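Asks: One letter stands for each residue in the lines below.
Number of protein chains: 2
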Amino acid sequence: MAELIDGRLIAKELRAAVKAQVEVLQGYNVVPGLAVILVGDDPASEIYVRNKGRAAEKVGVAAQTIRYAADLSEAEVIAKIAELNADPAIDAILVQSPLPEHMNEQHIQEAISPEKDVDGFHPENVGKLFANRHGFFPVANTPRGVMTMLHHEHVELAGKNAVVVGRSVLVGTPMFALLQRENATVSLLHKYTPDALRHQLLRQADIIVVATGVPELIKAEDVQPGAVVIDVGINRMEDGHLVGDVDFAAVEPIAGKITPVPGGVGPMTIATLLETTVELAAQHHDVTLEAGWQNI
Amino acid sequence: MAELIDGRLIAKELRAAVKAQVEVLQGYNVVPGLAVILVGDDPASEIYVRNKGRAAEKVGVAAQTIRYAADLSEAEVIAKIAELNADPAIDAILVQSPLPEHMNEQHIQEAISPEKDVDGFHPENVGKLFANRHGFFPVANTPRGVMTMLHHEHVELAGKNAVVVGRSVLVGTPMFALLQRENATVSLLHKYTPDALRHQLLRQADIIVVATGVPELIKAEDVQPGAVVIDVGINRMEDGHLVGDVDFAAVEPIAGKITPVPGGVGPMTIATLLETTVELAAQHHDVTLEAGWQNI
Numbered sequence: 001m002a003e004l005i006d007g008r009l010i011a012k013e014l015r016a017a018v019k020a021q022v023e024v025l026q027g028y029n030v031v032p033g034l035a036v037i038l039v040g041d042d043p044a045s046e047i048y049v050r051n052k053g054r055a056a057e058k059v060g061v062a063a064q065t066i067r068y069a070a071d072l073s074e075a076e077v078i079a080k081i082a083e084l085n086a087d088p089a090i091d092a093i094l095v096q097s098p099l100p101e102h103m104n105e106q107h108i109q110e111a112i113s114p115e116k117d118v119d120g121f122h123p124e125n126v127g128k129l130f131a132n133r134h135g136f137f138p139v140a141n142t143p144r145g146v147m148t149m150l151h152h153e154h155v156e157l158a159g160k161n162a163v164v165v166g167r168s169v170l171v172g173t174p175m176f177a178l179l180q181r182e183n184a185t186v187s188l189l190h191k192y193t194p195d196a197l198r199h200q201l202l203r204q205a206d207i208i209v210v211a212t213g214v215p216e217l218i219k220a221e222d223v224q225p226g227a228v229v230i231d232v233g234i235n236r237m238e239d240g241h242l243v244g245d246v247d248f249a250a251v252e253p254i255a256g257k258i259t260p261v262p263g264g265v266g267p268m269t270i271a272t273l274l275e276t277t278v279e280l281a282a283q284h285h286d287v288t289l290e291a292g293w294q295n296i
Numbered sequence: 001m002a003e004l005i006d007g008r009l010i011a012k013e014l015r016a017a018v019k020a021q022v023e024v025l026q027g028y029n030v031v032p033g034l035a036v037i038l039v040g041d042d043p044a045s046e047i048y049v050r051n052k053g054r055a056a057e058k059v060g061v062a063a064q065t066i067r068y069a070a071d072l073s074e075a076e077v078i079a080k081i082a083e084l085n086a087d088p089a090i091d092a093i094l095v096q097s098p099l100p101e102h103m104n105e106q107h108i109q110e111a112i113s114p115e116k117d118v119d120g121f122h123p124e125n126v127g128k129l130f131a132n133r134h135g136f137f138p139v140a141n142t143p144r145g146v147m148t149m150l151h152h153e154h155v156e157l158a159g160k161n162a163v164v165v166g167r168s169v170l171v172g173t174p175m176f177a178l179l180q181r182e183n184a185t186v187s188l189l190h191k192y193t194p195d196a197l198r199h200q201l202l203r204q205a206d207i208i209v210v211a212t213g214v215p216e217l218i219k220a221e222d223v224q225p226g227a228v229v230i231d232v233g234i235n236r237m238e239d240g241h242l243v244g245d246v247d248f249a250a251v252e253p254i255a256g257k258i259t260p261v262p263g264g265v266g267p268m269t270i271a272t273l274l275e276t277t278v279e280l281a282a283q284h285h286d287v288t289l290e291a292g293w294q295n296i
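Heads up: the protein sequence lines correspond to chains A and B, in order. So for the first sequence, my numbering puts the first residue at 1; every next one is plus one. So for the second sequence, my numbering puts the first residue at 1; every next one is plus one.
Don't read these hints as lab results, they were simulated from the structure. Any given hint might turn out to be false.
Which copy is meant is left open, because identical chains are indistinguishable; a pair holds if it fits in one copy or across any two.
Stated by the list, open to error - Cross-link-like lysine to aspartate or glutamate pairs, in silico, DMTMM-like; alpha carbons within 25 Å at most:
#1 Lys191 to Asp206
#2 Lys191 to Asp6
#3 Lys191 to Glu156
#4 Lys191 to Asp247
#5 Lys12 to Glu46
#6 Lys219 to Glu115
#7 Lys19 to Asp247
#8 Lys58 to Glu105
#9 Lys191 to Glu216
Given the structure is predicted, the values throughout are model-derived calculations rather than measurements.
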C-alpha cells in the first residue's frame, strides 16, 4: 500500500505560507497584483479563472480578470499586455489557455514581459531554466508544484532515476529540467517512445511523473516496488468520473508514494501560481522572501 | 568492427555547402560578418580564434578578431558588444571562452543580441530550443554539428533510445533537446548519476553521445552491439596524445558506428559556426537558404 501524497493538504500549507509572505510585503506597502486575461467564453476556462481569482483574494493578492469576446484581434490582446507590462500595480500577467484559433499563442507569450511572466512560458525564462541560471525567475507552475510536493514528502532526488512521461512545454519539458537541476538522472518519454522502451525505462525508475492526457496509461507492470508516482493527468471519462494517467487501483499497491486524482497535483497549480506572483512582486520591490516551499 | 564516422570529411562537405550559400548571398550583395572577441592571452584560445578566422576566410565569411588585454573591464566588453550589435556589417558575435575571472560570463552572453548570438548561448535562444519554437534561431554549434553527423550517416532517431552523458550548457543540455526534437527518447546523465545506473542506461542505448571531459569513461561493457557512439570529448594525456571520453580501442569492435578522437566531432564545430553565421546573415537580409546539412 502506497503512502498517499495529499495535494489538497500541501496546497493548503503552501497558500498559508504565501499568505504570510503577502503580509511581509504589506509591511513594505506592497500588494502583489495579478492580471488574468480571458478571451472567449470557454466554460472550463471560466471556472479556472474564477478559481484563480478567489484563491488570490484569500491570500491577499489583488487579482483582476480582463474579459474579451472571442473575436478580439491578436493585436488588441498584445496592446493590453503592453499596458499591463507598464503598470506598476501589476506584478504578474497570465493569459488563460486555450486562445481562439486566430491568435498565435507564441506571439502572446512573447509579448508578456519576462519580469511579469507568471507562467514561465516566455522563451527567456525557459532558457534561464535550461541554461541553469542562478537567482529567481518564473517557472511553469504545474511542474514547480510537483517539486514542492516532492520536497514536502522528503523524496530524495540526487542520484535517483527519474522518468518523465510527456514532453509538453507546460509540464513535461520544465519538469525534466527541475528534476535534473536537483541532480536526478532524468529520461523524457513521449508519444514516439515505443511501448517496449516505455515499459523498460519506467520499470527502472525511482520517480515517475506522468503528464500525457492518456487515461490510465501507466499500469502495474510499469512500476517497480517503492517507486514514487506523480500523476499530473486529469481525464474525464464518459460516465463523468475523473481518472489520471496512472491506473491508480493497480499501481497504488506497488508504489511507495502516489498522488491521487483528483486531490493530487491539481490543487498545487493555483497555489504555486500565487507563490510565483508574490515572488515576482517581491522582486519588483527588492524585498527578499524565503521560498514558499521552504516554509511548509 | 564499427563504421568510422569521419568528422573531417563531413566538416569539409559542410564547409563546401556553406561556401555555396555564401555565393548565393553574394548575389544579394550580402557578405556574412563574424566578430570574435578574445580577452587575455590564453594560448589555446589564440589557436581556436586563429582557426576560426582562417576557416571563415576560406568560405567567404568576413571575420574580424577583436583582441583585448586580460585586465579589461566587463563594462568595456559589453560596450563593444553593444557597438557590434548595432553594426549592420556584423551578423554573428562570439566571445571566446574562457574569460578572465573578474568577468561574469552570463552578463556577457546576455549582452549579445539574440539575433547575432552565433553560439546560441543567450537564454532567449536556449528557451526557443526547449520551447520547441519553429523557425530559425541559433543553437550551440557543437551539438548542432553532432546532429549534422547523425543526419549525414542516416542514423534513425525517431523512436530510438538515446543517452547523453554530460549536461553542460554548451553541449549536453542542447544535445538532449536536439535529439528529443527529432523524436528520440533521451536520458541525460551527469556526474551525480551513480555508476550502476550509468552502466545500465548506457547498455540499453541505440545512440550514445558523451561530453564529460573524463578520459575513456565509456567502456566496452557500456555499449550494446551496433550502438552509434559519438564522442565529443578531447583530453590530452600526460604523454601528449589525445583521447576521447570513450575507450575507443575497447568500444570500436562493438559499436555500429563511432567517431574517432581526433577527427570526429572536433572538426564539426567550426564548420557549424560558419553555417550558423551564414544563416544569421541570410535572416538579417531576408534571404531564404536551404540548411547546410541538407546539401551534404
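Asks: Now look at each hint and say whether the structure bears it out.
Replies: Hint check:
Taking CA atoms no more than 25 Å apart as the test, Lys191 paired with Asp206 passes in both settings, with 21 Å inside one copy and 18 Å between copies. In this assembly of identical chains, Lys191 and Asp6 lie within 25 Å of each other by CA distance neither inside one copy nor across copies; the values are 29 Å within and 33 Å between. Taking the shortest Cα distances, Lys191 and Glu156 sit within 25 Å of each other only across copies (16 Å), while inside one copy they are farther apart (28 Å). Taking the shortest Cα distances, Lys191 and Asp247 sit within 25 Å of each other inside one copy (18 Å), while across copies they are farther apart (34 Å).
In this homomeric assembly, Lys12 and Glu46 come within 25 Å of each other (Cα to Cα) only inside a single copy, at 22 Å, whereas the closest approach across copies is 58 Å. Proximity of Lys219 to Glu115 under the C-alpha cut-off of 25 Å is found in neither arrangement, the shortest distances being 41 Å within a copy and 46 Å between copies. Proximity of Lys19 and Asp247 under a CA criterion of 25 Å is satisfied in neither setting, with 35 Å inside one chain copy and 56 Å between copies. In the homo-oligomer, the alpha carbons of Lys58 and Glu105 never lie at most 25 Å apart, since the shortest distance is 30 Å inside one protomer and 42 Å across protomers.
For the homomeric pair Lys191 and Glu216, the shortest alpha-carbon distance inside one copy (15 Å) is at most 25 Å, but the shortest distance between copies (34 Å) is not.
When held up to the earlier numbered hints, the structure conflicts with 2, 6, 7 and 8 and fits the remainder.
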